[in-house]
Amino acid sequence: MAYISLREVCKVYPNGYCALKNINLDIEAGQFIAVLGPSGAGKSTLLRAMNALDPATQGEITIDGVTLNKKNYRKIRAHVGMVFQQFNLVDRLNVMTNVLVGRLAEHSWLSSLFYLFPKMDYQIAEAALREVDLLDKAWSRADKLSGGQQQRVGIARALAQQPKLILADEPIASLDPKASEEVLKLLRKICSEKGITIIINLHQVEYAKQYADRIIALNAGWLVFDGSPEQLTAAKQAEIYGTTYEETSHEPELVLAHT
Amino acid sequence: MNPSWYWPTPNGKPPLTAVLSVVLPIAVLVLTASTVDMSTNKVFYALPRMLDFTQHLWVMPDWHYLPQLGKKMLETVEMTLLATALAVMISMPLGILAAKNASPNPWIFRMTRDLLSFIRALPELVWALVFVSALGLGPLPGIMALALVTVGFMGKFIAESIEVVDFKAIEGLESTGCTKFQSILYAMLPQAVPDFIGSLLYILDHNLRAASILGLVGAGGIGYDMVMSMRLFNYERIGMIALSIYALVTLLDRLSDVFRQKAIGGILNVH
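Protein chains in written order, with my numbering: chain A, 1 to 259; chain B, 1 to 271.
Honestly, the hints are just simulated from the structure, not real lab data. Note that this is a predicted model, so its numbers are computed, not measured. Idealized CB from N, CA, C, for every residue including glycine. Treat each hint with caution, since some may be false.
[As the list claims (entries may be wrong)] Selected chain B positions facing chain A (in silico; Cβ < 8 Å):
{"hint": "1", "residue": "168"}
{"hint": "2", "residue": "169"}
{"hint": "3", "residue": "171"}
{"hint": "4", "residue": "172"}
{"hint": "5", "residue": "173"}
{"hint": "6", "residue": "176"}
{"hint": "7", "residue": "177"}
{"hint": "8", "residue": "178"}
{"hint": "9", "residue": "185"}
{"hint": "10", "residue": "186"}
{"hint": "11", "residue": "190"}
{"hint": "12", "residue": "191"}
Make the full structure from the sequences, and use the hints.
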């Protein structure tokens with residue numbers, strides 16, 4: 001059985017919007033998988049369904065042999081790292097604490113209450129920070145760092161969870177091209193060296209082709225492409241993004257009643 | 001002629017809310033002025049008497065009163081600090097329970113909110129009356145009254161500053177599989193610290209002034225002396241008391257400015 005499997009997964013938001021439509025997907029361990037698709041296609045929803053930040057409303061998601069249900073959300077999340085577009089760090093805490101947060105799931109409420117962490121956790125956090133090359137910033141406040149650095153702290157937090165899977169939800173959408181490349185290279189390296197499965201949402205087809213082992217594309221909630229980077233031809237790309245071009249082409253005029 | 005100035009709305013007219021926020025207060029003022037007996041004449045004719053009172057304040061202070069004044073002012077400050085410290089400790093957990101995003105369930109949220117507003121419903125002076133009749137005269141009932149009302153306010157302020165915390169950090173924590181309690185501790189509270197400090201400093205300022213009138217009902221502090229010298233037209237003392245309260249409030253204000261800058265700048269950090 002595949003490492004991750006999605007069976008007939010649907011997601012309908014409370015307002016009736018259907019973001020995922022009957023998704024069937026099998027993902028092997030240790031792969032670097034890029035998810036493409038226009039804005040609003042359901043890429044984020046797909047990732048957020050996998051760690052139940054936005055649970056699927058129908059279907060079955062199994063990760064490493066465990067099927068997601070209401071009772072095991074936290075247990076599953078403990079070993080699934082997540083990297084966000086806006087980094088989602090605690091700005092006022094220092095970098096080290098932000099990384100140690102990745103260890104919290106293992107601790108009781110009492111030790112958390114006093115902000116105390118065992119030595120073991122510091123070693124794990126230190127290793128994670130070394131991995132993302134930010135050990136020298138360990139005691140800086142998170143919001144004092146640049147965007148690229150903050151994203152690397154986000155990755156270190158995910159690494160501190162000692163995950164088998166990292167979900168990266170448009171991790172480079174808020175970064176400049178140089179920082180974007182750094183973050184992608186870093187994630188690729190983590191995948192190749194540690195064998196951690198990485199599923200990453202991207203807007204740039206070129207990056208997806210360059211870094212991914214496998215590319216998945218969504219459009220309007222449907223799975224519209226699933227294959228190797230080589231199989232993603234120009235014609236396929238037009239198909240994936242095509243419909244939205246037409247939708248956005250008619251610009252509304254600015255109406256002024258002032259004249 | 002066509003006017004050439006417009007408001008930045010689709011139809012060029014001012015938005016309704018903006019118009020209402022100007023018109024309503026004026027309307028309320030016009031409608032209520034007669035009921036509360038607000039007349040400019042009355043104020044105008046009272047001016048000479050006010051001036052008269054102010055003139056009487058320009059007398060030689062009663063220097064023999066100085067040690068007593070110092071003692072009472074110190075008592076007022078002690079009451080303020082003790083009551084505020086006590087209230088902060090109690091209102092922290094209550095504030096968390098009264099924050100919509102941190103409360104364990106909607107019922108507890110609602111009940112804590114209602115409890116806090118019940119406490120706030122009566123002013124310090126009324127609570128002080130209650131405690132004075134139960135415990136007798138002295139600063140203790142004053143401290144208790146002050147602490148109680150402060151819990152009511154501080155609890156609400158804490159809840160509100162937790163509620164406006166950026167959701168992203170909380171989500172970041174939740175994605176690691178930690179518990180709600182842990183996400184309150186590591187995402188909500190640190191992000192709410194600047195707001196806490198702001199409310200705390202405001203409350204301290206407010207409590208200092210509240211503590212200085214609690215003596216009115218015999219609940220300790222400088223208030224008793226102030227009221228007595230007012231009643232006895234003891235101008236030698238009134239001026240001294242007013243000045244020392246003013247000096248203390250100003251000093252606190254300066255200190256809180258410095259403190260606020262440091263706290264928000266991040267010197268008061270975890271680690």
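So, going through the hints one by one against the coordinates:
About 4 Å separates the beta-carbon of residue 168/B from the nearest beta-carbon of chain A, less than 8 Å, and the hint is met. For residue 169/B, the interface hint holds, the least distance from its beta-carbon to any beta-carbon of chain A being 5 Å, beneath 8 Å. Residue-level restraint check for residue 171/B holds (minimum Cβ-Cβ distance to chain A is 6 Å; threshold 8 Å). With its C-beta approaching chain A no nearer than about 3 Å, residue 172/B sits inside the 8 Å limit, and its interface hint holds.
About 6 Å separates the beta-carbon of residue 173/B from the nearest beta-carbon of chain A, less than 8 Å, and the hint is met. Restraint check, residue 176/B versus chain A: the minimum CB separation of about 5 Å is within 8 Å; hint holds. The closest approach between the C-beta of residue 177/B and any C-beta of chain A is roughly 3 Å, which is under the 8 Å cut-off, so the hint is satisfied. Hint status for residue 178/B relative to chain A: holds, with the closest Cβ pair at about 4 Å, below 8 Å.
Given hint, residue 185/B at the interface with chain A, holds; its Cβ is 6 Å from that chain's nearest Cβ, closer than 8 Å. The closest approach between the C-beta of residue 186/B and any C-beta of chain A is roughly 6 Å, which is under the 8 Å cut-off, so the hint is satisfied. At its closest, the beta carbon of residue 190/B sits 5 Å from a beta carbon of chain A; the interface hint therefore holds under the 8 Å criterion. With its C-beta approaching chain A no nearer than about 6 Å, residue 191/B sits inside the 8 Å limit, and its interface hint holds.
The earlier numbered hints are all upheld by this structure, with none contradicted.
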